Each structure stands twice: as C-alpha cells, then as structure tokens.
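Number of protein chains: 2
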Amino acid sequence: MGNTFNMQLPDKDLREKALKVRNASNEISQADDDERKNALSFMANSLIKNADRILEANNNDFEHAKENGISQSLLARLKLTRDKLYLGIEGIKKVRNLTDPIGQIQINKELSNGLILQRKTVPIGVLGVIFESRPDAVMQISSLAIRSGNGVILKGGRESNQTNISIIKALHEGLEESSLNKDSICLLTNRKDSIAMLNLEKDINLIIPRGSNELVKFIQNNTRIPVLGHADGICHLFIDNNCDIDLAVKVSLDSKIQYPAACNAIETLLIHKDVAPKFLSKAIPVFKANKVELRGDEKSGKYGIKLSASNKDWETEYLDLILSIKIVDSMFDAIAHIQRYGSRHTDGIITEDNHNASIFMNTVNSAGVFHNCSTRFADGFRYGFGAEVGISTQSLPPRGPVGLEGLVTYKYFLKGNGHIVDDFNSGKKSFTHKDL
Amino acid sequence: MGNTFNMQLPDKDLREKALKVRNASNEISQADDDERKNALSFMANSLIKNADRILEANNNDFEHAKENGISQSLLARLKLTRDKLYLGIEGIKKVRNLTDPIGQIQINKELSNGLILQRKTVPIGVLGVIFESRPDAVMQISSLAIRSGNGVILKGGRESNQTNISIIKALHEGLEESSLNKDSICLLTNRKDSIAMLNLEKDINLIIPRGSNELVKFIQNNTRIPVLGHADGICHLFIDNNCDIDLAVKVSLDSKIQYPAACNAIETLLIHKDVAPKFLSKAIPVFKANKVELRGDEKSGKYGIKLSASNKDWETEYLDLILSIKIVDSMFDAIAHIQRYGSRHTDGIITEDNHNASIFMNTVNSAGVFHNCSTRFADGFRYGFGAEVGISTQSLPPRGPVGLEGLVTYKYFLKGNGHIVDDFNSGKKSFTHKDL
Chain Z
1 MGNTFNMQLP DKDLREKALK VRNASNEISQ ADDDERKNAL SFMANSLIKN
51 ADRILEANNN DFEHAKENGI SQSLLARLKL TRDKLYLGIE GIKKVRNLTD
101 PIGQIQINKE LSNGLILQRK TVPIGVLGVI FESRPDAVMQ ISSLAIRSGN
151 GVILKGGRES NQTNISIIKA LHEGLEESSL NKDSICLLTN RKDSIAMLNL
201 EKDINLIIPR GSNELVKFIQ NNTRIPVLGH ADGICHLFID NNCDIDLAVK
251 VSLDSKIQYP AACNAIETLL IHKDVAPKFL SKAIPVFKAN KVELRGDEKS
301 GKYGIKLSAS NKDWETEYLD LILSIKIVDS MFDAIAHIQR YGSRHTDGII
351 TEDNHNASIF MNTVNSAGVF HNCSTRFADG FRYGFGAEVG ISTQSLPPRG
401 PVGLEGLVTY KYFLKGNGHI VDDFNSGKKS FTHKDL
Chain X
1 MGNTFNMQLP DKDLREKALK VRNASNEISQ ADDDERKNAL SFMANSLIKN
51 ADRILEANNN DFEHAKENGI SQSLLARLKL TRDKLYLGIE GIKKVRNLTD
101 PIGQIQINKE LSNGLILQRK TVPIGVLGVI FESRPDAVMQ ISSLAIRSGN
151 GVILKGGRES NQTNISIIKA LHEGLEESSL NKDSICLLTN RKDSIAMLNL
201 EKDINLIIPR GSNELVKFIQ NNTRIPVLGH ADGICHLFID NNCDIDLAVK
251 VSLDSKIQYP AACNAIETLL IHKDVAPKFL SKAIPVFKAN KVELRGDEKS
301 GKYGIKLSAS NKDWETEYLD LILSIKIVDS MFDAIAHIQR YGSRHTDGII
351 TEDNHNASIF MNTVNSAGVF HNCSTRFADG FRYGFGAEVG ISTQSLPPRG
401 PVGLEGLVTY KYFLKGNGHI VDDFNSGKKS FTHKDL
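Chains as they are written, first to last, in our numbering: chain Z, 1 to 436; chain X, 1 to 436.
Okay, chain Z solo, but in the shape it has when bound (with noise of 0.2 Å):
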C-alpha cells in the first residue's frame, strides 16, 4: 500500500464531512448511556429490516472482485454471508449490553474547602477507521464508537464499497429513529480520503486499523494522530529446562496451529538446550503430523530439523503453518533473543520453576507475558472484556488486548466558588487534598 499513495492534504469537502462528525460527537458525548443503549438497538433492527439489501450489495461487490481477479483470501473475507451478517448485528447487541465506559469517576477529591477535582471518563471525540475488505469491520466499529459515545469516520476498501455504503445506510436509518445524531457516524468512499483522513489532527483523535500488517505500518509512518492496533505480532513460547514435556509440546502444539493466521500465535519457539533432546524428539513428530514446517538453528539440526533458519526468519511473522526454532543456552538467551526479535506482544514460558517463571514474566517487556498456557489467549473476547478494539503493542497504556475502555479517555473537572491559587500561595488558604 505505501507505494500506490502520495500524501494528500484533506480537500474542503472532507474538512466539511469531518466537522459534521466532530460536531455530531459533541452532541453524542452528553447522551446518557439510555439513549446509546437504544440507538445500538435501532442499529440492530435496521440491519436487520435491510439484510436483504445488504446481502444483495455484497454480492455484486464479490462478483466484481472476482471479475477483477482479487485473491482467494480476499475475496473470503470480503464475502458476507446471511450467518456473517448476523453473527455482526448479535455483535452490537453484545456491544449494547456492556458495561457504560462513560462517566466512571476515577478521582474524587477535595483540594480545598469547596474546591471538587473530580477526574471522569469521557469519550475521546472522533475516531477514524481504516479497514480493507472485511465488511462486518463496519458494524463492528460503529457500534463501539456509539457504545463509548465517539464519532467515527470511516474508510473501507474499494472492493467492498457497495456493502459498506448499504451498510452505513442501516445504520444511519437506525439512528433517525433514535435520540442521537446520525452524523455520527461517516463513511468515505473516496479513494484519496484514506492518506487524507491522516492529516485531520484536530478533528480525528484516534486512527484504528483494520487490515495487514503492511497497511497498519504504513498508517503508523504517516500520521501523527495516535493509531491503535500493532503491525507485527512475533510471538515467543520459551520451554525453560525444567519443564513437563507432555504440557509443552501441547502449548506449543496450540500456540502455532489453532489459528496460524492470528497476531497472537507462536513464530519463533526457543529452547533450552538441556531439554531440547527430550522436547524435540516428542514435539517433531507433533509438528510433522500437523503440517507444520519446522526450521531450525545450527544446534537444532542435530536432533532432527533439517530446515534451517536463517536471521531473517526470527523477524518474521509467519503467519502460517511455519514455526522456527532456536536452541539457547539458558532463560536469559531466551529473554535477550525476546526483546531482539519480538513485537512486544505476547511471549511465554512454559516451565515448572516458579522462580524462573516470575523472573521471565517480570523482564519481558512485552503487553502479555505467559506461563504454562497458549499464546492464543491473548485476545479480548478471552479475556472477558466483552468486546475487542484491537490489540496495541505500544509500552504505553492501552496495550494488549484493548476492550471499550480503549475508545475513552479522561477529563479532570475542577468547581470551586471563587477559588483563586493567589490565596494559597499568600497562606490564606490551604490544600486539604481529602478523598471523598
């Protein structure tokens, strides 16, 4: 994608759609949780009165694809099926149900004799979304923008324009029939207002990405708006000497095949070299009889991979039925080769140390960090967070997997009656800083 974009200054007419928007969040911002309940329903219930339609749009965006000669992969998620649809709208009624992130007060405090510091949750304003052709993005992404009281701008790919603009339809159909503003929610279908759209940093507040790792690090080079989502996901599983071989050719068994695809399944397994006899001759049968292709370093090779694996493979996210492994010489070979080579993701230790356990989980800077258990875990839904935005590998918070509480920030209120700081420093008054 960087290649086929020239940066690109927003036009009038994008400046003009994102202040409707923004001027719609301000709007949705003071609506009680009530009203964006209900408004998650009307969304529903469009998308339901309009399935047809939709499906009807999404058939003639698949039939164009195909004529185009865009990939199987693509055209697998571009196509939206009668479940599909479905499965998005039980979606935002799951989004609906979840706790309100709005309003969570998360300081109390008197500073002074009258003078209230209050710090609440809000929502953070606009948020623009940049997906390619995975059209139940949208439905997803609305919902939890109306949820968290946000505005969202949106942009899809070009292959799946019909269905997201029958899509948006519903969804602005729904809102007429609520109490909030449909302006809410925007969808661009102009192929130039994706660079565009990164340049609008007073009235976009956050960009999530929706799609390959190309495009998400395309978007983190060339906006200065904060983006939440994580471009590679290099994912570790080190099988410390100590260990149950059973428990760790079955984790590692997991971390790579459940869904090979997934940001959070395993690519580089790292093993210490006492144990990498016992473990390997158990675990490459495994591998062998699941399809997995196994390529190893120099030592490896001398119990049985004949594959090997060159420095490029330790950068790289497979994301496929690849795994690649490295014998070490101990836990901290394990956790310098982490921090090399990882993405701050999710790595894990598989060993029956305690010791070494809690000394791997506390160095490893990474969002998630595992003991015993499949890398596959981290994601939202298993998490319990009701809802998944996406998963950030910044050090900064959010990171890991980021439910609604993503989509809000905070504000401090201050009331006083009168209150002016020139009394504090005179001594006339003072700080009292009580929690109430």
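No false leads were slipped in.
Identical chains share a label here; the pair holds if one copy fits it or two copies do between them.
In silico BS3-like cross-links for lysine-lysine, where the CA-CA straight-line distance does not exceed 30 Å: (1) Lys37 / Lys434; (2) Lys288 / Lys415; (3) Lys202 / Lys217; (4) Lys120 / Lys434; (5) Lys288 / Lys299; (6) Lys120 / Lys94; (7) Lys20 / Lys273; (8) Lys20 / Lys217; (9) Lys49 / Lys182; (10) Lys429 / Lys250; (11) Lys282 / Lys312; (12) Lys109 / Lys120; (13) Lys282 / Lys415; (14) Lys93 / Lys49; (15) Lys20 / Lys120; (16) Lys93 / Lys428; (17) Lys182 / Lys155; (18) Lys182 / Lys192; (19) Lys428 / Lys291.
Since the hints were made in silico from the structure, they are not lab data.
Note that the structure is predicted; figures quoted are calculated from it, not measured.
Model the placement of chain X on the given structure of chain Z, informed by the hints.
Leaving out everything else, chain X in the frame of chain Z:
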C-alpha cells in the same frame, strides 16, 4: 531550535550507552519498593555531600554563559543557588515517600479453572529526557524515574553541562551505595545526541521534553516515540451572562497574573455580550492597575478596550501580562472559539448557572474543564499528586497534569497449567471470567 539540527541517526557509542541503560532498567524493574526508596535516600545524601562541588560547577557554567551573552531569563534558570539545590534535594525525599506506583493489580480474574489473568502496573522501561538550561530538572526527573523503576537517559543544554555532569556524578555515587545499578541513569553530553536519541525507538519508551514550546514542538514533530508534554498552553475563561461579577473579575485576574509565564495562565477572555458592559467596567481598571495589556475584538472596543486583537492573538500564548478579549453572542460561540483556537489544556467558565456549567464542561474537549475557579489550579501538586512529570494536552491518557502514574504502564500476566485454546473452541472447557 528546529533549524540548527539535522536528522541524526544514533551512532555506535550512543547505541551502546542506550543498551546499558536498557539492561539496567531490566534490573531496576525487578527492585522492590524499599530498594527503590533507599536508592533515592542515597541519591539525596550524595547530593548533600557533593553540594559544594555542584555549586562550583554551576558557577563556572554561569560565568561562561554570561561571557557568551546568554539572555537574562536563561541565566536565571541556569543559576543554581544553594537554596535551589536544597529544594531539589527536598524534592527527591518527597518523591521517595510517594506511594509505589509499581505492582498495582488492576485486573485479577479467573478466565477458567486454573487460568488466572492479572493486569499489573510495571515501569515503562527507559525514559528519554531532553531539557534546556534548568539543572534542577536532572535531580527531579532522575528521582521520578528511579522511584517508578525506569531507566533514564538525560540530555541537557550545553550551557549547564558542567553542572549536569557534577549532579549526575553525585547521583551515580548515591546509586553505587544502593542495591541498584548505577547505569540506570545516563547523561549525554554530546550535542548531536539530542537529535539522535529521538530515533532510539527500540530503547527509549517515552520522551519527556522540558523547555520552550519550540523545543517541545520540534521533538513532537521529529520522533515516533511517545512524547509526554505539551507545546502551547492557550487557556480560556468564559464569562457567562449569569455570573457573579466580582468573582469573575477576581478569578480572571488570578488566571492571568498569578504567574503569567505558566502554561495554565489564560491568554483569552471570552465574554457573553449581555454581561460585557458590566463586567468590563469593573475588570478594565483592575487589569490596568495590575499592568495587564488588554487587546480586544471590535465589539469590546466600545467598552473601553483601546488595543485591537487580530486573529493571530487568538492563537498566541503570550506567556506575559497580555490578555486578549472577545465578546461572544452565546456560550456555544465561546465553546466553538475554544475548540478552534484552544490547545486542549485547561478552560474555564464563570457562571451561576449550573446547567450551563455542565454543558460547557462536558462539551469542551480539554484536559481540564473548570467552573468558578482559576485555571492556575491545573497543576500536579495542586491536584495533590505529590509530583508532576509534565502536563499533557493529548486526547488520550495520560492527559492533564501527570504524576508518577505517567511513568508506569501495565502488562497482562496469564498463568495456567497447560491450558490451550483448542479445548475452549471444541467445548471441552469453558470460560468463567470470574473476578477474584
């Protein structure tokens, strides 16, 4: 500053220094509360022991800077008196006594029988601090970094080089007496390093700039590392129609003159047209008596404001005894003005109408929204945080005045005993998602 540097990649020397800090930060992240507290005590004591040497070094810097014709305000900030030094040392002791920000359990949840998820606060890793001629910043930031378990790389202004070196030497001597690795703190003295460190994405997790708006802006525009800070502080006060005039005058005055060079001082007063005659007839003489230059829009001219404000005034942070004034037709016009020209720092309303106050506070998208009190309260110490790492004007957390919590992040710790995702997909096991 923007024009005097070229983009500079980190050289081998800088990379090695950064790696040393990174490794030391891994160690310090394991240190417990007492170890970090003790380290701060040793650091404070060592500064006391080395006070004479530090003051002498500062004297050399000062004389040298004076010879080079550095501005008075820079000279004032450069000068480290014995009082200022001891105030800094007191500051370290206060930071020592703050509640440990590390290891706080934010989520503690059973995902399934035997599969336990915890989200705990952890240090961010390595902080990069770039500051101008304020040698006290070295003590403050170093102590905040160590208290929160982070490593820190500091780059100060050339003018204060000798002072910085002697302070760091004392801090290192203190750390050597403690159980912590002295490499946790590193001072860069090479001019080119301040730009090069902006490219140390793998080794620096957060940049904290301390200096002019230009410095902050330059840094924000030239790094992909998150920056904790703000460039402009363009704060507003809106005087609503239904207000207590005396209170309005008193709070406006404090918000402007209590410390005009502060980022939380107001630059613009927005006045409801219906209250303008009454308010200004009282406020103009008071501002005049306090040597505040008033610049008004056209409408305010007829109420006795002689200098006129241009559009440029609305976007200027004067940092001086100058105040721009605009008469607005409604509160919504005031809010629109703030959204257009404000910097999302702190904005207040003066009103007796609680409904209006609520709309204003909910709609204005700034880190601080104040009612009937001075904007000058927007400060980590006044908020009772015990320390202020910086004030952030970004939309996402941390925003507003940031205490120690701005120097920590969190991580997900998941512990199982062989749990794999396949068992949950096949229905063999199920999620409990039970808070512990």
